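Add chain B to chain A, keeping to what the hints say.
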Amino acid sequence: MNQQNEKFQRLVEIIFELTKAQDINELLSVLLQGALELVHAKNGTISLLDYRDGKINIAAYHPNYNLTLSYIEWGKGVIGHALKNNKSCIVSDVSSPEWKNIYIQNWKGMKSEIAIPIVLKNIPIRSNAGTNKNGWKRIGILNIESEKENFFLEKDLELLEHLTLHAAIRIENIESDRKLEKLREKEEEIAEGNKDYNQIINLVIEGIIDILKFDMVNISLVNFERNIIETKHIKGKELPSEKEHEFKSRAVHSLDSKDIQADIVRKRKVEVPEYDDERFDAELAEDFGHETLIRIFIPMIEAAKYIVIGTVECSYKKEYRDFIYERDVQILEKFVNHAVQALEKRKKYSIEMIVHELHDPILGIRNRADKLLRQYKGMPEEKIYVCLEDMISDCELLFTQVRQLDMIGTNKTLSLSIQPVSVYKEIPRILHKLRSLIRYRDFDKQNIDYLFSEEAKYIEISTDRGKLIQIIDNLVMNSIKYSRNCFDFKITGKVEQEFIKLNFQDNGMGVEEEEKEKVFQPGFRGLKAKQREQGSGMGLSISKDLAAKIGGDLVLVNCRNPTEFELKIPIHIPIGEEGARK
Amino acid sequence: MIVFIDDDRRYIQDYIEELRSFGYDALQQYNVDEALDFVVKKQTEIKLVVLDMMIPSGERLKDKDKDHGRRTGELFLVELEKVIGKIPFPCIFFTHVNIDHLNSKFNCQKLQKEEYTPYELAKEINELMKA
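If you read the protein sequences in the order shown, they are chains A and B.
For what it's worth, my numbering labels the leading residue of the first sequence as 1, then goes sequentially.
For what it's worth, my numbering labels the leading residue of the second sequence as 1001, then goes sequentially.
Treat the hints with care, since some could be wrong.
[As the list claims (entries may be wrong)] List of simulated lysine-lysine pairs, BS3-like, C-alpha gap at most 27 Å:
(1) B/Lys1123 - A/Lys377
(2) B/Lys1082 - A/Lys528
(3) A/Lys528 - B/Lys1047
(4) B/Lys1062 - A/Lys195
(5) A/Lys76 - A/Lys100
(6) A/Lys425 - A/Lys490
(7) A/Lys243 - A/Lys317
(8) A/Lys528 - A/Lys494
(9) A/Lys148 - A/Lys108
(10) A/Lys84 - A/Lys258
(11) A/Lys267 - A/Lys235
(12) A/Lys182 - A/Lys347
(13) A/Lys348 - B/Lys1110
(14) A/Lys243 - A/Lys213
(15) A/Lys179 - A/Lys108
(16) A/Lys347 - B/Lys1062
(17) A/Lys528 - B/Lys1130
(18) B/Lys1110 - B/Lys1047
(19) B/Lys1041 - A/Lys518
(20) A/Lys179 - A/Lys235
(21) A/Lys87 - A/Lys133
(22) B/Lys1062 - A/Lys345
(23) A/Lys318 - A/Lys269
(24) A/Lys348 - A/Lys269
(25) A/Lys568 - A/Lys345
(26) B/Lys1062 - A/Lys348
(27) A/Lys568 - A/Lys501
(28) A/Lys334 - A/Lys267
(29) B/Lys1062 - A/Lys516
(30) A/Lys481 - A/Lys501
(31) A/Lys182 - A/Lys148
(32) A/Lys433 - A/Lys494
(33) A/Lys345 - A/Lys195
(34) B/Lys1123 - A/Lys383
(35) A/Lys258 - A/Lys317
(36) B/Lys1062 - A/Lys481
(37) A/Lys267 - A/Lys248
These are computed hints drawn from the structure, not numbers from a lab.
All of these numbers come straight from a predicted model, not from anything done at the bench.
Next comes chain B alone, as it looks inside the complex:
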């Protein structure tokens, strides 16, 4: 299962559809709270998480310094690690935020949304999954 964590309700669906056409089970979670509950529950089924750098904070991150929202993706992974320990699946930051400035403690691949059409991302993920 591939999980997108992104608040966008229109454009991510195209990526999901394209991944499904490649034969993957893909779905979307929209904010930190929903995503954390889902990922914790389904951790053994998840093969990959694709998350935006900026996602709605939910209740769990409401008091954290999120740098105007630019660190919510990173903080999501911090919270996830607190709950499940070492994260057992790869994660990709897929974002509009300028990733040159991204200084993540997590060894995630960073992809700019504007550089990947749904088809190109599906191909990229397909190669990653095969590897």
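With the rest of the complex left out, here is chain A:
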């Protein structure tokens, strides 16, 4: 009895020592030495569960020689068995019929073993099933072995369970502090001024996967014009990169549908749905093996306008962790909010750049009006005509820039205004409006060529004319702006299946091969472009976005000689329920 009291006294002392450990290695060392001492054993390990693959990695061991394994597979051996079942076990004889097929030898000559899961118990979890629920979280396992049979007793197990319970709390606190510290670093990286949109998104995904240890992240964004929410960025080991495209093309849902993402946009609150929630797209989940995932959905809310711009879905396999933990929810929510703020800031910068560019055409109109006022009496008619033509071009520039601002700044629900459009007839109108820009660069209009197939010439497509014109405007203006001494511009059009395809070619400065993937990122400007011309870096990004909004796409086909963009527009635009999975 006295001996047991002494052991309890020692247990308290070890628990106190655990609270003083500064890092995880020190803590594991104190825990292992303390446990061995309490049961008078020599051989022991502490293993930590890797949530991503279920490997139980040996993180501390004694004595530090002749260890045959560095990890145990989930559910294998006494360790894996005990941790999977979340239940301590005493193996009195490892060669007994009950255990001989389970036991995995780590040290030679061991006869008995005790394994105590290190589990955090009664911790708050988030679940749609109810509030104030508690759950558990497996952290790792303490394992002690002996060269003697029947070495471990029930009272040893009781002592060690007390010890691991306290160790679990301490490990979780240390890990949580480390996680927060790393996330803070990531947040600082996100907040750095020079990050473009995609860099911010990639950092968010890295943070959620590498630091918060989720298996998969799916960022879906709202397309207000088409009234849909669609997966734009997805990463995770459950989804190989070659299947990303297929997933994205299928993960498109009407905002009016009962789909979970659409519902999160409407309700504006974090949810952890049950695996059988009827709002899940069951077919999609089955095809991509997502039924085994436990998922959390976080709305991306722009604080300034309280608009939900998308959702972040994070998930992991329900096998190694059984719940979404409240602490992680709070960390995650804060992290997502921080990222949305960074995206807002990025947007604000883009707006500043466009506003800066607005000054030029206003200046042009004002200066020419002033010139006409002061000089029109003695001015040759031809000069008056040029002045007025310049003012019209400036108005067109202003319209383009104001439309860009509208796209970036408002996020308002813009409905599509669909009407029959002859692309073939629109092109000369656009070129005519921009003739003054062409003249000022000493370019020859004769070098502009447009060749349409017979079918493309006569087809009228149903689309949003304003948005289509804005895309073509941007592409033509870019060609003019970045052309070198000789301007050579060609537009070709053809009909392919359900689309009209427009190809824009010029012999301008082009795009560096290594910058090819970035040209559509908001705010991105190539090194050469920055050296040569000022600009907001928003034109191509907005054009691609607009193309998507009208159900098409804009891609860079060739970097230079010639620089070549292809714009693909559906002959009939798919919208709402028609363009989305219900």
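Frame of chain A, contents of chain B only:
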């Protein structure tokens, strides 16, 4: 000679034409590299440089912190000073950038583009040159 350093290819020409009507020889350079070469070469003929705060960086400033381009004009003068020493002619910042925030080490006059029509700027420069 009055040199404008500005990447704009349409509006600055109006200012240049107006200055020419006042009898000045005026021309334009479009980015940092071209402008530096030109100004260094013609430094003895130049009477005034009118430059934007935001100009394309060229090769020379590509690795400098330009505050999203807002400091390129200032950095141009820094580079120029490195090459020719003390700048022997006056410089005017003529820009859309909000000059309230401009903290230049150079004692340049700062004019907002929107406050000057070509005629008004030509008058202003004319008075400056006479003084």
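Results for each hint:
Pair hint B/Lys1123 plus A/Lys377 holds up; C-alpha atoms about 21 Å apart against a cutoff of 27 Å. Proximity of B/Lys1082 to A/Lys528 is assessed by CA-CA distance (about 24 Å); at most 27 Å being required, the pair is judged to hold. A hinted pair counts as satisfied when its Cα atoms are at most 27 Å apart, and A/Lys528 with B/Lys1047 does not qualify at roughly 31 Å. Distance hint between B/Lys1062 and A/Lys195 is fulfilled; the C-alpha atoms sit about 17 Å from each other, no more than 27 Å.
For the hint pairing A/Lys76 with A/Lys100, the CA-to-CA distance comes to about 12 Å; that is within 27 Å, so the pair holds. Straight-line distance between C-alpha atoms of A/Lys425 and A/Lys490 comes to about 15 Å, which keeps the hinted pair within the 27 Å bound. This hinted pair checks out: A/Lys243 and A/Lys317 have alpha carbons roughly 19 Å apart, not beyond 27 Å. Note on A/Lys528 and A/Lys494: the hinted pairing is violated, with a Cα-Cα distance of about 32 Å set against a maximum of 27 Å.
As the CA atoms of A/Lys148 and A/Lys108 are separated by approximately 12 Å, the hinted pair is consistent with the 27 Å bound. For the proposed pair A/Lys84 and A/Lys258, the alpha carbon gap of about 36 Å is over 27 Å, so the pair is violated. Restraint check for A/Lys267 and A/Lys235: satisfied, since their Cα atoms lie roughly 25 Å apart, inside the 27 Å limit. Taken as a hint, the A/Lys182 and A/Lys347 pair is honoured in the structure, with Cα atoms around 26 Å apart against an allowance of 27 Å.
A C-alpha spacing of about 26 Å is found between A/Lys348 and B/Lys1110, which places the hinted pair at or below 27 Å, so the restraint holds. For the suggested pair A/Lys243 and A/Lys213, the alpha carbons sit about 22 Å apart, so the restraint of at most 27 Å is met. In summary, the hint linking A/Lys179 to A/Lys108 is not supported, as the alpha carbons are separated by about 38 Å, beyond the 27 Å threshold. A threshold of 27 Å between alpha carbons decides the hint, and for A/Lys347 with B/Lys1062 the separation of about 24 Å falls inside it, so the pair holds.
Between A/Lys528 and B/Lys1130 the CA atoms are separated by roughly 40 Å; this puts the pair beyond 27 Å, and the hint is violated. A threshold of 27 Å between alpha carbons decides the hint, and for B/Lys1110 with B/Lys1047 the separation of about 17 Å falls inside it, so the pair holds. Restraint check: the Cα-Cα separation between B/Lys1041 and A/Lys518 comes to about 38 Å, which exceeds 27 Å; the hinted pair is violated. For the given pair, A/Lys179 sits about 20 Å from A/Lys235 by alpha-carbon distance, which is consistent with the 27 Å threshold.
Restraint check: the Cα-Cα separation between A/Lys87 and A/Lys133 comes to about 21 Å, which is no more than 27 Å; the hinted pair holds. For the given pair, B/Lys1062 sits about 24 Å from A/Lys345 by alpha-carbon distance, which is consistent with the 27 Å threshold. Only pairs whose Cα atoms come within 27 Å are accepted, and A/Lys318 paired with A/Lys269 is accepted, the gap being roughly 22 Å. Restraint check for A/Lys348 and A/Lys269: satisfied, since their Cα atoms lie roughly 25 Å apart, inside the 27 Å limit.
The hinted pair formed by A/Lys568 and A/Lys345 fails the criterion: a straight-line CA distance of about 31 Å is larger than 27 Å. For a cut-off of 27 Å, the pair hint linking B/Lys1062 to A/Lys348 stands: about 24 Å separates their Cα positions. At roughly 5 Å between alpha-carbon atoms, A/Lys568 and A/Lys501 fall within 27 Å of each other, so this suggested pair holds. Straight-line distance between C-alpha atoms of A/Lys334 and A/Lys267 comes to about 18 Å, which keeps the hinted pair within the 27 Å bound.
Taking the CA atoms of B/Lys1062 and A/Lys516, the gap is about 19 Å. The hint holds against a cut of 27 Å. At roughly 23 Å between alpha-carbon atoms, A/Lys481 and A/Lys501 fall within 27 Å of each other, so this suggested pair holds. Between A/Lys182 and A/Lys148 the CA atoms are separated by roughly 45 Å; this puts the pair beyond 27 Å, and the hint is violated. Restraint check: the Cα-Cα separation between A/Lys433 and A/Lys494 comes to about 24 Å, which is no more than 27 Å; the hinted pair holds.
With a CA separation close to 10 Å, the supplied pair A/Lys345 and A/Lys195 stays within the 27 Å bound. Distance check on the hinted pair: B/Lys1123 and A/Lys383 sit about 23 Å apart at the alpha-carbon level, within 27 Å; holds. Taken as a hint, the A/Lys258 and A/Lys317 pair is honoured in the structure, with Cα atoms around 24 Å apart against an allowance of 27 Å. Distance check on the hinted pair: B/Lys1062 and A/Lys481 sit about 20 Å apart at the alpha-carbon level, within 27 Å; holds.
Distance restraint check for A/Lys267 and A/Lys248: the Cα-Cα separation of roughly 23 Å lies within the 27 Å cut-off, and the hinted pair is therefore satisfied.
The structure does not agree with the numbered hints 3, 8, 10, 15, 17, 19, 25 and 31 stated previously, though it agrees with the rest.
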